[in-house]
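*Asks:* So you can see what is in the structure, the chains are spelled out below.
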Amino acid sequence: MAHLDFEKPLVELERRIRDLEEASDGLGGFEPQIRELKGRAQALQRDLYEGLSVWQKVLLSRHPDRPYFLDYLGNVFEDFVELHGDRAFGDDPAVVAGFARFDGRSVAVIGHQKGRSTKEKVRRNFGMAHPEGYRKAMRVMELAERFGRPVFTFVDTPGAYPGLEAEERGQSEAIGRSLLVMSELRVPIVATVIGEGGSGGALALGVADRVLMLQYSTYSVITPEGCASILWRDGARGPEAAEQLKLLAMHARANGIVDEVVEEPVGGAHRDIPAASALLAEALRRNLAMADALDPDARLDARYAKFRAMGRHAG
Amino acid sequence: MGSDVSVSATVAWFTKTKVSTEASEKRTLGKGVFRRCDACGETFKAEEFRLEVCPGCGRHYALRAEEWISYLLDEGSWSEEDAQLTALDPLGFVDAKPYAKRLAETRAKTGVNDAILTGGGTLDGRGVRLGVFVFRFMGGSMGSVVGERIARLFERGAELGQPVVLLSSSGGARMQEGALSLMQMAKTVAALGRLRRAGQPFISVLLDPTTGGVAASYALLGDVNVAEPGALIGFAGPRVIEQTIRQTLPEGFQRAEYLLDHGMVDLIAPRPELRATLAQLLGHFGG
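Read top to bottom, the protein sequences are chains A and B.
The numbering of the first sequence is this note's numbering, which starts it at 101 and goes up by one.
The numbering of the second sequence is this note's numbering, which starts it at 442 and goes up by one.
FYI, nobody ran anything at the bench for these hints, they're computed from the structure.
Cβ atoms here follow ideal geometry from the backbone N, Cα and C, with glycine treated the same way.
Warning: the hint list may mix true and false statements.
Quick look at which bits of chain A chain B covers, simulated, 3 or more residues with Cβ under 8 Å [to be verified]:
(1) 254 to 266
(2) 325 to 331
(3) 341 to 354
(4) 366 to 377
Facing chain B, a subset of chain A residues (Cβ under 10 Å, in silico) [what the hints assert, rightly or not]:
(5) 174
(6) 301
(7) 391
(8) 394
(9) 412
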């Protein structure tokens, strides 16, 4: 288990509890102490997570143990078959796409995927997609359209990859095209930001009838570090920039950017992945039903009206 | 966890806003009738820089939005729309100065309300909806007002049955409006969808520079993408890419000619020919 600095007191307390439990295994005798420590851990957990700063929440959204798309896929969906490749250039492991069953119903599932181990991180390019990742996503969306399957997308990326080959193969066009495809798809779309919602690369999978954000996820036009390096020429001042960017789920909800914030277990999804998955499944079920309730024309109109209304201006 | 790479993923949208807008300004030598080209180093009579193009080497300097309109549209046909829209400061964003103050100062300095002019007119006798970015207004960055005006431009094209010509020059989304700026990408593209369904063409003209959230939304989705010679066009800025891949980029990378080579733009039109090119294209796509 990896942990963040501010999680350390809690993680240490939990370790002591585990040690005591192991020591008392079959022998008994430590129950009062264990009960007492568990009470303290609960109180500490409550205090700790109620008082988190914006930056600490940003760190939670990038927590090394935070569940990724494939974790939720395994817990919430069944019968997954992955479809590879954009039919034009290659297959991008930073985006996973395919079909699965949700409550027995065949659906398309598409998401950014980060890696857990170092090797896997590199293979998945830290969840930063190339154009072929978005083109694969579009191909699967269009397949879903043709066969009348709803689409679930899962957003978790620092941003689309800013590299030479990505530019060469049309990163801008791929992202823009994905926005167009998603705004015109006639089947229901439910998008969920599960971790980092990093700029255009995130939005490219984020145009939907219902847009959800997990409680400790972020949605931002730029990373706090990137913002700080522009404002103060110092990327280390990310924590200050994070305060300015209003990138938390609650801000996105208040600004009308997302439809619902999905609660996470106390301390974040990584502290109880089955519980986080259950909360997500319930939210997906409810929101899919909402999108399903409209006929395709009404659904497209409602989707259009929602994004059309985003932004604030006078006059 | 965020690597160096992830950190820089979106920087380019905004670093480009720092690009100097001074390049096109006349360098006055002697009594101010001569002008030296920074690209070729030659000096010419100032009036020879027609449409801000160097008569010697053909280098295209930035042309002000107002001059674009008077160049492209038939005389007296321009009618601006939605000029009354002004930005708010929904996040209470403060960098070197509060965003609200920056907006007020920039409006006063530039004489425009935000980073785009939109409206309608005729081009070679054909009715068109036209938009031109104002790069001198916060690097042409796209916030709520720019997004709204572009969305209305596409919607009016659909309603009135007119083509849309949009000249982009922008560093990308406007950081000071946070994720609300990001959402302008989805909003403008959705509105473009309306124009497409109405059967009207979208001619996207890519000026120097077109990057970040503007490039990665509607700008490369033109039915025809026309680029200016030498224009920088890309998702991420060159500096960010160099930091990411830690190598020097090839000469001409992300320039209009490079995009033409890689199949991302349909054609490159030198500025003096652009009006005729647009008229020709509208002739093929128009009714």
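*Asks:* Given residue 394 of chain A was flagged as interface, is its beta-carbon under 10 Å from a beta-carbon of chain B?
*Replies:* Residue 394 of chain A check fails; min Cβ-Cβ to chain B is 17 Å, beyond 10 Å.
*Asks:* When the nearest CB of chain B is found for residue 301 of chain A, is that gap smaller than 10 Å?
*Replies:* holds (7 Å)
*Asks:* Checking C-beta pairs, does the segment 325 to 331 of chain A have three or more residues closer than 8 Å to chain B?
*Replies:* holds (count 6)
*Asks:* Please check whether the segment 341 to 354 of chain A has three or more residues whose CB lies within less than 8 Å of a CB on chain B.
*Replies:* Coverage by chain B holds here, the residue count being 6 at a Cβ distance below 8 Å.
*Asks:* Holds or violated: the hint that residue 391 of chain A contacts chain B, with Cβ atoms closer than 10 Å.
*Replies:* Not OK, violated: residue 391 of chain A not within 10 Å of chain B, min 16 Å.
*Asks:* Classify the hint on residue 412 of chain A as holds or violated, based on whether any CB of chain B lies nearer than 10 Å to its CB.
*Replies:* Status holds, d = 4 Å.
*Asks:* Would you settle whether the hint for residue 174 of chain A is holds or violated, based on the nearest Cβ-Cβ distance to chain B being less than 10 Å?
*Replies:* Status violated, d = 22 Å.
*Asks:* Quick check: the segment 254 to 266 of chain A, covered by chain B? Criterion 3+ residues, Cβ under 8 Å.
*Replies:* holds (count 8)
*Asks:* Checking C-beta pairs, does the segment 366 to 377 of chain A have three or more residues closer than 8 Å to chain B?
*Replies:* With 0 residues closer than 8 Å to chain B, the segment 366 to 377 of chain A misses the three-residue bar; violated.
Hint compliance for this structure: hints 4, 5, 7 and 8 are not met, and every other hint is.
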